[in-house]
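Enquirer: Whenever a hint applies, use it, and build me the whole structure from the sequences.
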Amino acid sequence: MGKPMLNAESPRAPRSPRTKDGLSARIWKHRKEYFAISPFYLLFAVFGLFPIAFSMYLSFQKWDGIGRMSYNGLNNYRFMLTDPDFWKAVGNTLLIWIYSTIPMLFLALVVAFLLNSAFVRMRTLYRVGYFLPNVTSLVAVAIIFGTIFSNNYGLLNYVLDLLGLNSIEWLNRTWGIQLAISVMVIWRWAGYNAIIYLAGLQSIPTVLYEAAKIDGASGMQAFFRITIPNLRPIILFTLITSTIGGMQVFTEPQVLVGNDGGASGGGLTIVLYLYREAFVHNYFGYGAAVGWGMFLLIALFSIVNWLFVQGRPSHDQGVK
Numbered sequence: 172m173g174k175p176m177l178n179a180e181s182p183r184a185p186r187s188p189r190t191k192d193g194l195s196a197r198i199w200k201h202r203k204e205y206f207a208i209s210p211f212y213l214l215f216a217v218f219g220l221f222p223i224a225f226s227m228y229l230s231f232q233k234w235d236g237i238g239r240m241s242y243n244g245l246n247n248y249r250f251m252l253t254d255p256d257f258w259k260a261v262g263n264t265l266l267i268w269i270y271s272t273i274p275m276l277f278l279a280l281v282v283a284f285l286l287n288s289a290f291v292r293m294r295t296l297y298r299v300g301y302f303l304p305n306v307t308s309l310v311a312v313a314i315i316f317g318t319i320f321s322n323n324y325g326l327l328n329y330v331l332d333l334l335g336l337n338s339i340e341w342l343n344r345t346w347g348i349q350l351a352i353s354v355m356v357i358w359r360w361a362g363y364n365a366i367i368y369l370a371g372l373q374s375i376p377t378v379l380y381e382a383a384k385i386d387g388a389s390g391m392q393a394f395f396r397i398t399i400p401n402l403r404p405i406i407l408f409t410l411i412t413s414t415i416g417g418m419q420v421f422t423e424p425q426v427l428v429g430n431d432g433g434a435s436g437g438g439l440t441i442v443l444y445l446y447r448e449a450f451v452h453n454y455f456g457y458g459a460a461v462g463w464g465m466f467l468l469i470a471l472f473s474i475v476n477w478l479f480v481q482g483r484p485s486h487d488q489g490v491k
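Be aware that the sequence shown starts at 172, since it is given in our numbering, and climbs by one per residue.
Among these hints, one or two may not hold up.
Restraint ranges, calculated between C-beta atoms of paired labels, are given here [said to hold, decoys possible]: (1) T377 to A434: 26 to 36 Å; (2) P210 to V378: 18 to 28 Å; (3) R294 to M240: 50 to 60 Å; (4) A207 to A382: 27 to 37 Å; (5) R197 to G244: 42 to 52 Å; (6) M391 to F221: 44 to 54 Å; (7) L245 to R298: 45 to 55 Å; (8) Y242 to L194: 33 to 43 Å; (9) A207 to N305: 28 to 38 Å; (10) F408 to T253: 32 to 42 Å.
No wet-lab data here; the hints were simulated from the structure.
Computed from a predicted model, the values in this text were never measured in an experiment.
Built from N, CA and C at the ideal position, the CB exists for glycine as well.
Expert: Right, here's the structure in full:
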């Protein structure tokens with residue numbers, strides 16, 4: 172006789188744990204792992220998500236930080252869009268960003284190329300030296316540059332006097348204040364971006380340059396057809412981070428010229444304006460609205476930078 176057929180009631184193969192266990196069961200199974208990483212998420216919820224949500228709620232309120240809140244609707248945003256000081260702060264911030272970001276990234280790229288050259292020795296020492304300004308106390312840096320650009324006894328005016336030129340009241344002129352702030356930003360962040368560019372340059376395969384040299388490509392052609400296309404993601408990263416940082420300039424103008432931005436408000440940036448309205452005038456609801464306005468500006472400029480860098484075709488595209 173043949174083998175008996177299996178009974179339809181025979182036990183089925185066990186289900187996979189994924190289908191048998193629910194979400195709660197899987198979480199309980201890996202409870203130790205979730206418990207290990209829970210402090211980060213708890214701290215992020217308390218010090219990250221809650222302030223963001225509360226600032227959004229606060230932007231629709233009228234509050235002096237002590238008394239009871241009262242609903243203010245969109246009045247904070249309306250006042251922000253019609254306040255001349257806000258638009259002056261936006262204009263000053265954009266000018267300082269332009270004055271500092273373009274020279275800073277160009278200088279960082281030049282420094283990175285020099286550090287990546289074969290004839291440079293003690294590269295680690297140079298890296299540390301270029302990175303030191305980034306970890307120096309920003310208040311101390313602002314005080315030092317305030318002494319350099321001082322109207323009466325500044326180092327720059329001393330040099331001008333030695334050259335027989337008239338002194339300049341740097342901190343009494345809008346362009347002088349913005350120049351001083353831009354120089355501080357460049358001095359502090361150029362080395363940081365140079366280290367990032369250097370890492371990007373060292374990640375480019377040398378065989379690409381060797382092949383280009385064999386094909387008779389010049390150094391300039393190799394730069395635009397090999398170096399720049401491979402550095403494009405890093406350039407985009409530094410451009411976006413510089414945009415975010417440039418829109419948040421605060422300590423430099425605050426220490427250099429005070430809460431009002433100095434003469435004619437030339438150093439009044441968006442964050443300094445927010446600080447003045449929220450923590451000096453105690454308009455916390457309006458300060459929260461300014462913060463969200465700044466967030467939208469940063470997002471807008473970051474998207475524009477991303478489209479500008481990513482949207483431009485490289486020199487190799489279309490070549491088959």
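Enquirer: Range first: 45 to 55 Å. Now tell me if the beta carbons of L245 and R298 are that far apart.
Expert: holds (50 Å)
Enquirer: Using the beta carbons of T377 and A434, state whether their distance is inside 26 to 36 Å or not.
Expert: violated (53 Å)
Enquirer: Please check whether Y242 and L194 have a Cβ separation lying inside 33 to 43 Å.
Expert: holds (39 Å)
Enquirer: Indicate whether the distance between the beta carbons of R197 and G244 respects the range 42 to 52 Å.
Expert: holds (45 Å)
Enquirer: Honestly, do F408 and T253 meet the 32 to 42 Å range at C-beta?
Expert: Given a distance of about 36 Å, which is inside 32 to 42 Å, the answer is holds.
Enquirer: Should the hint that P210 and V378 are 18 to 28 Å apart at their CB atoms be regarded as holding?
Expert: violated (46 Å)
Enquirer: Starting from the hint 28 to 38 Å, judge whether the C-beta atoms of A207 and N305 obey it.
Expert: The hinted range 28 to 38 Å holds for A207 and N305, with Cβ atoms some 32 Å apart.
Enquirer: Honestly, do M391 and F221 meet the 44 to 54 Å range at C-beta?
Expert: holds (53 Å)
Enquirer: Taking the beta carbons of R294 and M240, is their distance inside 50 to 60 Å?
Expert: Roughly 56 Å apart at Cβ, these two residues keep to the hinted range, so it holds.
Enquirer: If I claimed the Cβ atoms of A207 and A382 lie 27 to 37 Å apart, would that claim hold in this structure?
Expert: Between A207 and A382, where Cβ atoms are some 48 Å apart, the hint is violated.
Hint compliance for this structure: hints 1, 2, 4 are not met, and every other hint is.
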